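Colleague: In order, the protein sequence lines correspond to chains A and B.
Under my numbering, read the first sequence as residues 1 to 414, first letter to last.
Under my numbering, read the second sequence as residues 1001 to 1414, first letter to last.
Because the hints were derived from the structure by calculation, they are not lab data.
Incorrect hints may appear among the rest.
Simulated crosslink set (SDA-like; lysine to any residue; CA at most 25 angstroms straight-line) [claimed, not checked]:
(1) 83/A - 1362/B
(2) 83/A - 1244/B
(3) 1083/B - 361/A
(4) 1083/B - 360/A
(5) 83/A - 1213/B
(6) 83/A - 69/A
(7) 1244/B - 1213/B
(8) 1083/B - 292/A
(9) 1083/B - 297/A
(10) 176/A - 157/A
(11) 1083/B - 88/A
(12) 1074/B - 1092/B
(13) 1176/B - 1241/B
(14) 176/A - 292/A
(15) 1083/B - 83/A
(16) 83/A - 1360/B
(17) 83/A - 1081/B
(18) 83/A - 1389/B
(19) 1176/B - 1081/B
Facing chain A, a subset of chain B residues (Cβ under 8 angstroms, in silico) [what the hints assert, rightly or not]:
(20) 1051
(21) 1314
(22) 1321
(23) 1343
(24) 1345
(25) 1348
(26) 1353
What you are looking at is a predicted structure, and each value in this text was computed from that prediction instead of being measured.
Note that the Cβ used here is the ideal one computed from N, Cα and C, for glycine as well.
2 protein chains.
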Amino acid sequence: MPVGTRGTVKGILPGFVAATGAQIVLANTYHLLLRPGHELVQRRGGLHRFISWNAPILTDSGGYQAYSMADSNKITDDGVTFKSIVDGSMVELTPERATHVQNALGADIIMAFDDCPPAAEAALPVADAPATHAQDPRLIRAIRRDTPPKSRRGYDHAERLRIANERTVRWLERCKAAHMRADDQALFGIVQGGIDLDARSWSAERICNIDLPGYAIGGVAVGESPDDIARVVRHTAPLLPDAKPRYLMGVGYERDLLNAVLSGVDMFDCVLPTRNGRNANAFTSTGQIRFRNARYAEDENPIEPGCDCPACAPSSYAISAPWGISDPSQACSVTEVGGAPSKPVGDSTFTRAYIRHLFLAGEMLGPILVTLHNLRHFQRFMADVRATIVTDDWEGLVNMWPVAAAGWSGPRSS
Amino acid sequence: MPVGTRGTVKGILPGFVAATGAQIVLANTYHLLLRPGHELVQRRGGLHRFISWNAPILTDSGGYQAYSMADSNKITDDGVTFKSIVDGSMVELTPERATHVQNALGADIIMAFDDCPPAAEAALPVADAPATHAQDPRLIRAIRRDTPPKSRRGYDHAERLRIANERTVRWLERCKAAHMRADDQALFGIVQGGIDLDARSWSAERICNIDLPGYAIGGVAVGESPDDIARVVRHTAPLLPDAKPRYLMGVGYERDLLNAVLSGVDMFDCVLPTRNGRNANAFTSTGQIRFRNARYAEDENPIEPGCDCPACAPSSYAISAPWGISDPSQACSVTEVGGAPSKPVGDSTFTRAYIRHLFLAGEMLGPILVTLHNLRHFQRFMADVRATIVTDDWEGLVNMWPVAAAGWSGPRSS
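So here's chain A without its partners, still in its complex pose (with noise of 0.2 angstroms):
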């Protein structure tokens, strides 16, 4: 699922979207409910209606980024009060207004208001963090907000997941109950527990005990190694029922995804395509481009040859017009003219060296052709996933997608 924070694939107009392949996007009821207002987008029928986009749509439920994101917050029991980035006003989220927020934006799929801590590690000084990812700093203050004061000292990271836990099982009852649009909008549970199994284990079961249409894992991509990822997923996906969608929240790299699918896996969201793309960040078969690195100043390739994305193939799509686009290289004419039923996105593909320049240039067509690219990418990588689950030559997938083997442990047993 491509993320669409705002009511947008930053960029990217919805058709656009779906000729990447994607059947479904995320939109992120925390942002929305800030601005322009859930009710808002309720009067202007509905958030399908409102962004242009007639198929499925995920909402999450704002707890992550109501607890991530303010500056100002405080999680009770209850629910989390924070103070809007928008305009200041302290704003409630409590597990019933969460999903009647979600009611009113009216996704398809809508996500249970769970609490989501961080991982351990996120918590750590810079200096001890595993160098594999990056400390963030909005997590770190979260954590610091978050721990009791006579416990400044030391965090007790398992005492705050037990905590966790335990209120995201008692906040599902709540989301479940304060539903009103079951018989249209699929609600999912999700399984917190950090990266200890045993707590895994204890919230699956609690989780999955509540009837609902699909579950999802939560808190695996707030901080833990890919490592941790793999190994959360591959415990935890086989805990949830087999014959429900299994969504896993935030994920990933294709190595990741690749592990999480075959731990059981359906779902996926991630911001990677369309962050990187924005930030010049290719990804290929073979690993990511830096197209601010100079080696790309005379580039005549595609961003990956063989690529059937609008940017690498950009003859290869074609834009109809209501009124008939007459061909500009044959176009000679004092009234206008019909022609060409369809332009093609671009005459020529385009190149490594163009969109280095587009970057530099600071012009919105980098960001575009590069998110567009990415989308495809991952959208490319999983119709190929699908289609191994089907023949089991995961071998051979591995050969043609040989980023996603790093770190690549083999088939899970079966």
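Following the hints, position chain B against chain A.
Modeller: Quick look at chain B alone, frame taken from chain A:
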């Protein structure tokens, strides 16, 4: 002509530029010379291939930008020396170099290197300037820099115009002599003369004495009032050869375009559709819409009801992909499926409420949608203007486009 300063119409894929009706785009020599450099573009196969636009391109000569945009520069009979805004190095542009740079870029139409002084009024203190147009600090700086020390107290605009006029003729001869691709690149001369009609007549006679495939009217969008623009164009356009294209540089609003066409002008470029689009400012047949205004917060209408642009009528524009886009609203499949061969740009109109939300949230899609609309707005307007040349029903035209009637003085007597 939409403006694609740095080799991209900001935020718009080339296929969508064509899908708004544009048959030619403008690129700026000054910007491309500084970054990525004309030699790099030439090595990459020329500008058409570099920017993925296999249709006509016009490049300006860079003279106006070198003159007005650089903080530190010098203008002599030989040319302009200025400090690069990219890396601070000193760059020299002469008629010969400007022509050779354009030969390397390879546009279909290239412009003469001219001396284009700003309007006298642009040099006035803000309090004395006409309320109709803003003071451009760059122009004020350029004028101060360009005024000989002995006369700093009183800027002799007539003298500056005389020098510029004579210089522009000599420079055009040097451009023509230096032009190395006269067989496949049309060099246009530029008539100067400010708002002094005698100076315009003098310039037109001498510029048009130099045999070239087309001629432009320069120096009329550099700070004058709309009335002055109309008066100068009405005087100057008929002085240019009837059988060759007449190009009015940097103009303009609908009323300016209409007046210019009635004066006999054939070609225009302007940043208005794209720049205003990025600033949440949409053109309609009855005037401009500013999306930051709270009155649009709940407005269900498209930007302009009845408009056929990709923002107002997204379901009329379709995107087809090489791999067959499945319809997300129908799809539920493990493997990638074929399906509808194309996807609409959007499933429902992008409402004013949504576009306003995008701008308030700082989302790229806002500028993209309004830019698409504005480009199509001016293409639709010009298509109607072209049709009216045949029907001669100018009253009918301004009834359809009330915005063009503002300050409109009726068709010229013929």
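Colleague: Next step is simple, just say for each hint if it's right about the structure.
Modeller: Do the hints match the structure? See the list:
Between residue 83/A and residue 1362/B, the direct Cα distance comes to roughly 20 angstroms. Compliance with the 25 angstroms bound is thereby established for this hinted pair. Among the hinted pairs, residue 83/A with residue 1244/B is inconsistent with the structure: their alpha-carbon atoms are about 64 angstroms apart, more than 25 angstroms. This hinted pair checks out: residue 1083/B and residue 361/A have alpha carbons roughly 17 angstroms apart, not beyond 25 angstroms. For the hint linking residue 1083/B to residue 360/A, the alpha-carbon distance of about 19 angstroms falls within 25 angstroms, and the restraint holds.
For the given pair, residue 83/A sits about 64 angstroms from residue 1213/B by alpha-carbon distance, which is inconsistent with the 25 angstroms threshold. Among the hinted pairs, residue 83/A with residue 69/A is consistent with the structure: their alpha-carbon atoms are about 10 angstroms apart, no more than 25 angstroms. Restraint check for residue 1244/B and residue 1213/B: satisfied, since their Cα atoms lie roughly 6 angstroms apart, inside the 25 angstroms limit. Between residue 1083/B and residue 292/A the alpha-carbon distance is near 24 angstroms, which keeps this suggested pair within the 25 angstroms criterion.
For a cut-off of 25 angstroms, the pair hint linking residue 1083/B to residue 297/A stands: about 23 angstroms separates their Cα positions. For a cut-off of 25 angstroms, the pair hint linking residue 176/A to residue 157/A is broken: about 28 angstroms separates their Cα positions. Proximity of residue 1083/B to residue 88/A is assessed by CA-CA distance (about 44 angstroms); at most 25 angstroms being required, the pair is judged violated. This hinted pair checks out: residue 1074/B and residue 1092/B have alpha carbons roughly 9 angstroms apart, not beyond 25 angstroms.
Restraint check: the Cα-Cα separation between residue 1176/B and residue 1241/B comes to about 18 angstroms, which is no more than 25 angstroms; the hinted pair holds. For the hint linking residue 176/A to residue 292/A, the alpha-carbon distance of about 48 angstroms lies beyond 25 angstroms, and the restraint is violated. At most 25 angstroms may separate the alpha-carbon atoms for a hinted pair to count; residue 1083/B and residue 83/A exceed this at roughly 47 angstroms. Taking the CA atoms of residue 83/A and residue 1360/B, the gap is near 19 angstroms; set against the 25 angstroms cutoff, the hint holds.
For the proposed pair residue 83/A and residue 1081/B, the alpha carbon gap of about 53 angstroms is over 25 angstroms, so the pair is violated. Of the pairs offered as hints, the one joining residue 83/A and residue 1389/B is violated, with about 60 angstroms between alpha carbons and a cut-off of 25 angstroms exceeded. As the CA atoms of residue 1176/B and residue 1081/B are separated by approximately 21 angstroms, the hinted pair is consistent with the 25 angstroms bound. Interface hint status for residue 1051/B: upheld, as the beta-carbon distance to the closest one in chain A is roughly 7 angstroms, under 8 angstroms.
Checking residue 1314/B against chain A: minimum C-beta separation of about 6 angstroms stays under 8 angstroms; hint holds. About 5 angstroms separates the beta-carbon of residue 1321/B from the nearest beta-carbon of chain A, less than 8 angstroms, and the hint is met. For residue 1343/B, the suggested interface contact is upheld, since its CB lies about 4 angstroms from the closest CB of chain A, less than 8 angstroms. Here the hint on residue 1345/B is kept, as its CB sits about 4 angstroms from the closest CB of chain A, short of 8 angstroms.
Taking 8 angstroms as the C-beta contact cut-off toward chain A, the hint placing residue 1348/B at the interface holds, the least distance being around 5 angstroms. This hint holds: residue 1353/B has a C-beta 6 angstroms from the nearest C-beta of chain A, less than the 8 angstroms allowed.
Against the hints set out earlier in the document, violations occur for numbers 2, 5, 10, 11, 14, 15, 17, 18.
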